[in-house]
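**Student:** Spelled out from the first residue to the last, the chains are:
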Amino acid sequence: MTATDRLRDLLQDKYADRIAEWERAGAFPDDVASGLADTGVLGAMVPAEHGGTAWSHRAYGEANRLVAQHSCGLQSLLTVHGMVTSALNRSGSVPMRAELAELAAAGTVAAFALTEAAAGSDVRALRAAAEPAPDGWRLTGTKRWVSFGQIAGLFLVFANTPDGDAAFAVRRDDPGVRITPEAVTAGFRASRLAILDLDGCEVGPERLVGRPGFGLTQVGGRALVLGRMCVAFGSVGLAETALNAALARLDQPGPTGRRLRDHQLLRGLVADAVVAARGARLLAESAADALDARAEWAVSETLAAKLAASRAATVAAGVSAQIHGAEGLVEDGPVHRRVCDARVMEVIEGNTQLVQDLLADQVLARWRAESRPGDRRSR
Amino acid sequence: MPVRVTADEARSVVLDYLERFLDDVEGIDDTPLITGGLLDSLVVVQLIDHLQQSFDIAVADEDLELSNFDSVNAIVGLVARKTGGS
Ligand SMILES: Cc1cc2nc3c(=O)[nH]c(=O)nc-3n(C[C@H](O)[C@H](O)[C@H](O)COP(=O)(O)OP(=O)(O)OC[C@H]3O[C@@H](n4cnc5c(N)ncnc54)[C@H](O)[C@@H]3O)c2cc1C
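Top to bottom, those sequences are chains A and B. With the first letter of the first sequence counted as 1, position 285 gets the number 285 in UniProt numbering; the numbers rise by one all the way through. With the first letter of the second sequence counted as 1, position 86 gets the number 86 in UniProt numbering; the numbers rise by one all the way through.
There's no promise every hint is true.
To be verified - According to the in silico footprint, chain B covers these stretches of chain A (three or more CB under 8 Å from chain B):
| # | stretch |
| --- | --- |
| 1 | 201-215 |
| 2 | 219-233 |
Stated by the list, open to error - The following label-pair restraints were derived from C-beta to C-beta distances:
| # | chain 1 | residue 1 | chain 2 | residue 2 | range |
| --- | --- | --- | --- | --- | --- |
| 3 | B | R4 | A | A118 | 26 to 36 Å |
| 4 | B | T6 | A | W367 | 53 to 63 Å |
| 5 | A | Q322 | B | E62 | 33 to 43 Å |
| 6 | B | D29 | A | Q12 | 57 to 67 Å |
| 7 | A | G120 | B | E62 | 26 to 36 Å |
| 8 | B | V3 | A | P175 | 42 to 52 Å |
| 9 | B | L22 | A | P47 | 28 to 38 Å |
If you're looking for bench data, these hints aren't it; they were derived computationally from the structure. Computed from a predicted structure; not experimentally measured. Cβ atoms here follow ideal geometry from the backbone N, Cα and C, with glycine treated the same way.
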């Protein structure tokens, strides 16, 4: 039995009802991660030497797809937790890496704190500041929309130092940290979003992750590549569940014996949604394989997967809602929830238009690389 | 083991790479690439991967200084040091 099989069984047998209840209530419990910890999924991006389970990107993607079939909000825990643990493993100091075991196995959640009120898609507009202090750094600034910020034990915070942008590991109980609940969003509404205020928060030198000048690239940029892969797989999971619900409804006999499946216009909607979802799944799997192989254009493939999958989620959730009529509009029902969750998929880890822009850069670069007669040395 | 790379070889690989994303790479040897906003953050990540693969070198955390990456000349110098060239 593989780790993903175990996760699938656990979700089905033990968690399906509870997850549905948490979604209805609009809040995951404080210890939501401890159940997941048993499956090893929280240590997936951490090597064994630091207490992790070292899954491939493909396996982690699959885990994201499976969790999203039950709850996209819970799947987003895997997105941010995976991003932060992989960043700490790659760029963290020796003492911070030694703490990865706790994040990998003990159910402590790691959160990703990049966005600010005036720095969403445009991360270069970052205002949070980190000043060198006698014994480390002093951080000041306000981070918004931090998924699971209400319950996280550790935050990866991005801030400007005098030598450029950088990332820091901040603990929930560090001095000068204030956490307040964020406005509840229509999608991912149980994800316990928080506002993170840092008011002269002093941390030791070991909390610097990576190097000043490389926070948004080596740490944040790489984390976002993984995050986009997770969002792609999560979106596929959402699209597949929405489609299944739509198909079940289409196949139900109506009062006169006629089924919705006999309406040609609906057949067209479903066919398009299936193509979108199936195509997105293949792109997501291809991107994960490219990341596992460290392939040259893996970044480009990941952008393509995120773009296609988040849009497939929107299409499939919309079709499902239409087919469900009034039932599709019940405020805390699963059909409408998927519509709201799909909206989030098109905003987080790069909104649809930004991802289109980045992908266009990539495909043009690839075209240039492949269509050039030869390299500079031979010209 | 990295193979010794001359500065000219390193420069041509770096310029070839930058040409994928920038329209004109002639005369940009000292232009700030990162702090000048010429390269998107994802492209910087890809550039570092490309250097590691092309020259069989490992870019370690200690190497991540703007003075090693912010211009073509800086990168050429880093590659030369890493490959034992000059
Ligand atoms: C449920 C949820 C969870 C989140 N979790 C986190 C988290 O854990 N950590 C974190 O740091 N942030 C998180 N965020 C924040 C999220 O990353 C930002 O909302 C996102 O980056 C967009 O920023 P913004 O909301 O400021 O919108 P803006 O940047 O103002 O963009 C608004 C719209 O403008 C358009 N637009 C923006 N830029 C461009 C462009 N370059 N080209 C073309 N069009 C563009 C797009 O249509 C975009 O949707 C979360 C958000 C939500 C809703």
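**Student:** If a hint holds in the structure, say so; if it does not, say that too.
**Tutor:** Hint by hint, here is what the structure shows:
{"no.": "1", "hint": "201-215", "result": "holds (count 4)"}
{"no.": "2", "hint": "219-233", "result": "holds (count 5)"}
{"no.": "3", "hint": "B:R4 to A:A118: 26 to 36 Å", "result": "48 Å, violated"}
{"no.": "4", "hint": "B:T6 to A:W367: 53 to 63 Å", "result": "29 Å, violated"}
{"no.": "5", "hint": "A:Q322 to B:E62: 33 to 43 Å", "result": "56 Å, violated"}
{"no.": "6", "hint": "B:D29 to A:Q12: 57 to 67 Å", "result": "59 Å, holds"}
{"no.": "7", "hint": "A:G120 to B:E62: 26 to 36 Å", "result": "33 Å, holds"}
{"no.": "8", "hint": "B:V3 to A:P175: 42 to 52 Å", "result": "51 Å, holds"}
{"no.": "9", "hint": "B:L22 to A:P47: 28 to 38 Å", "result": "36 Å, holds"}
The structure is inconsistent with the numbered hints 3, 4, 5, although it conforms to all the rest.
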